Amino acid sequence: MIRDVINSLIEYASIHLGLEGLDEVYAKNLVLGELELDYPSEKSYFTHEALEKMEVPDFFFNEIKNYLIKEKNFNDKSAELKATLILGLVTPSPSQVVKKFEEIKKLDSAKALDYLYNLGIKNYYFQKTMVDKNIVWKTDYKSKNIEISINLSKPEKNNKDIAKLLEKPANSEVKYPKCLLCLENIGFYGNAKHPARENIRFVPVMLDGDLWYLQYSPYGYYYKHCICFSSKHSNMIINESTFNKLADFVDEYPSFFIGSNADLPIVGGSILNHEHFQGGEHILPVMEAETKKGYKLENYKDVKLYKLDWYNSVILLKSKNKKELVEVATKISNAWREFNDLENEIVSSDKTGKHNTITPSIRKINDEYNLYLILRNNRCNEKYPDGIFHAHPEYHHIKKEGIGIIEAMGLFILPARLVRQENEIKDVLSLGFNNYQILEKYPDLADFLPMIEVLRDGYSKETIDKKINEYIEDTCKHILENTAVFKDTKVGNEGFDKFIGGLKL
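Take 1 as the starting number for the sequence shown in this note's numbering and just add one per residue.
No lab work stands behind these hints: they were computed from the structure.
Don't take each hint at face value.
Claimed, not checked - Below, computed lysine-lysine pairings styled on PhoX-like, alpha-carbon distance capped at 25 angstroms:
#, residue 1, residue 2
1, Lys322, Lys105
2, Lys498, Lys304
3, Lys331, Lys320
4, Lys307, Lys144
5, Lys138, Lys487
6, Lys354, Lys400
7, Lys400, Lys467
8, Lys320, Lys106
9, Lys224, Lys53
10, Lys128, Lys224
11, Lys364, Lys323
12, Lys178, Lys193
13, Lys490, Lys144
14, Lys323, Lys307
15, Lys224, Lys99
16, Lys193, Lys232
17, Lys504, Lys293
18, Lys487, Lys498
19, Lys53, Lys133
20, Lys193, Lys128
21, Lys354, Lys498
22, Lys296, Lys487
23, Lys498, Lys331
24, Lys224, Lys364
25, Lys466, Lys133
26, Lys128, Lys138
Since the model is a prediction, treat every value here as computed from it, not as a measurement.
From just these sequences and the hints, can you work out the full model?
Put into structure tokens, the structure is as follows:
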């Protein structure tokens, strides 16, 4: 049967991946060799019509994996690595994909992006079936709605582990590839610590004179979630070149937004040791926020500056003048690096290091750049050891990871453990457990006891799902408010005005 499956896999690759001509025979022989089969079948497992309708390659991946486990005594992980290799073998080579992408891009850059996205789905790099299981919803607030996703396809990380990425290895062991975003991932077989990447494909893009690459995220936090990464393995940085690069990207791909995580732990993303951006076709909630206040710029007539009506502290710059936009953004960023405001607990640097930075993102609307600058600070103190402007401890049971660009812009990526914990909470509420009984049966619900007390009030099986969602929504809203360096208070608003007023723009 596995021989029949291989024949159908090659035909599937011809239909959906662009495998053609002699490459079909070549790929089939490579696959036979990897599975230690000395001859092919003369039959196919699926009809041509069935293969044309096939939207994802899950069947092939699972059949190959199961064959390796049952017939070749592979363990689960080794079988996954080999199955990924085989999906990579039937995908056109990286250079062929780039050639095809560039041909399409000459006619329509958005369609070229579609091509690369669909290729990732069809060759199992982007595991759509798994990603589609993510639980996603949007709040129904009168204004400033946020989006929430319980992500089932990515493990939870903590800020201390992320910060360690910036440290040099303690031993001389060579790490290859250096990280998940390095160019050398393409074709990498994978191991227990690093995923297989034979089926990844990315395309080059020049940003501010530097060579970068564009790929899609395997986790797909939103529609066409892309990653743009530097060809060099170097730490995240926010500077004038960053703003030029962001603007260059939307010039080339105006159907996408693009943005950068901050360059410091806690307020940065999960990968700080390789410069990269994240973007996509999705409209993130902050992009729908209303302007709260405008500021007049004396020296930059082509740039409009606004304070956004959002949970954290966001400056919006609008301009069709790219040069002026970048100059203003750079001046704001440089000034913020040195800004101090003790009334708002903002300290730019101390003996522990620098604390002020920016999370920028950009989109283009009718040839006008819309550049969002979220002011960030990663300082910690005795009361808030995980970050003064991070999720406060009372919210860590829902979200403890750093609040990176995606969440700061209003889309929360919550850990998969919440699905299990929500079911446990519903169980203890339906049984009327007291706190002692709860902890005896479900010890890891200790941090959820205050939440359970809130949910006990007016509990019913019919409304509990809605109440849990509302609790999570309010928690996410409060976390965003925690990240605001200038709170929506008299002192906070005065501090914001003081910062803008001191820029001399």
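Here is what the structure says about each hint:
{"no.": "1", "hint": "Lys322 / Lys105", "verdict": "holds (23 angstroms)"}
{"no.": "2", "hint": "Lys498 / Lys304", "verdict": "holds (18 angstroms)"}
{"no.": "3", "hint": "Lys331 / Lys320", "verdict": "holds (18 angstroms)"}
{"no.": "4", "hint": "Lys307 / Lys144", "verdict": "holds (14 angstroms)"}
{"no.": "5", "hint": "Lys138 / Lys487", "verdict": "holds (24 angstroms)"}
{"no.": "6", "hint": "Lys354 / Lys400", "verdict": "holds (22 angstroms)"}
{"no.": "7", "hint": "Lys400 / Lys467", "verdict": "holds (21 angstroms)"}
{"no.": "8", "hint": "Lys320 / Lys106", "verdict": "holds (24 angstroms)"}
{"no.": "9", "hint": "Lys224 / Lys53", "verdict": "holds (22 angstroms)"}
{"no.": "10", "hint": "Lys128 / Lys224", "verdict": "holds (11 angstroms)"}
{"no.": "11", "hint": "Lys364 / Lys323", "verdict": "holds (15 angstroms)"}
{"no.": "12", "hint": "Lys178 / Lys193", "verdict": "holds (12 angstroms)"}
{"no.": "13", "hint": "Lys490 / Lys144", "verdict": "holds (20 angstroms)"}
{"no.": "14", "hint": "Lys323 / Lys307", "verdict": "holds (21 angstroms)"}
{"no.": "15", "hint": "Lys224 / Lys99", "verdict": "holds (21 angstroms)"}
{"no.": "16", "hint": "Lys193 / Lys232", "verdict": "holds (22 angstroms)"}
{"no.": "17", "hint": "Lys504 / Lys293", "verdict": "holds (17 angstroms)"}
{"no.": "18", "hint": "Lys487 / Lys498", "verdict": "holds (14 angstroms)"}
{"no.": "19", "hint": "Lys53 / Lys133", "verdict": "holds (21 angstroms)"}
{"no.": "20", "hint": "Lys193 / Lys128", "verdict": "holds (23 angstroms)"}
{"no.": "21", "hint": "Lys354 / Lys498", "verdict": "holds (21 angstroms)"}
{"no.": "22", "hint": "Lys296 / Lys487", "verdict": "holds (22 angstroms)"}
{"no.": "23", "hint": "Lys498 / Lys331", "verdict": "holds (15 angstroms)"}
{"no.": "24", "hint": "Lys224 / Lys364", "verdict": "holds (17 angstroms)"}
{"no.": "25", "hint": "Lys466 / Lys133", "verdict": "holds (19 angstroms)"}
{"no.": "26", "hint": "Lys128 / Lys138", "verdict": "holds (21 angstroms)"}
Checked against the numbered hints listed earlier, the structure breaks none of them; every hint is satisfied.
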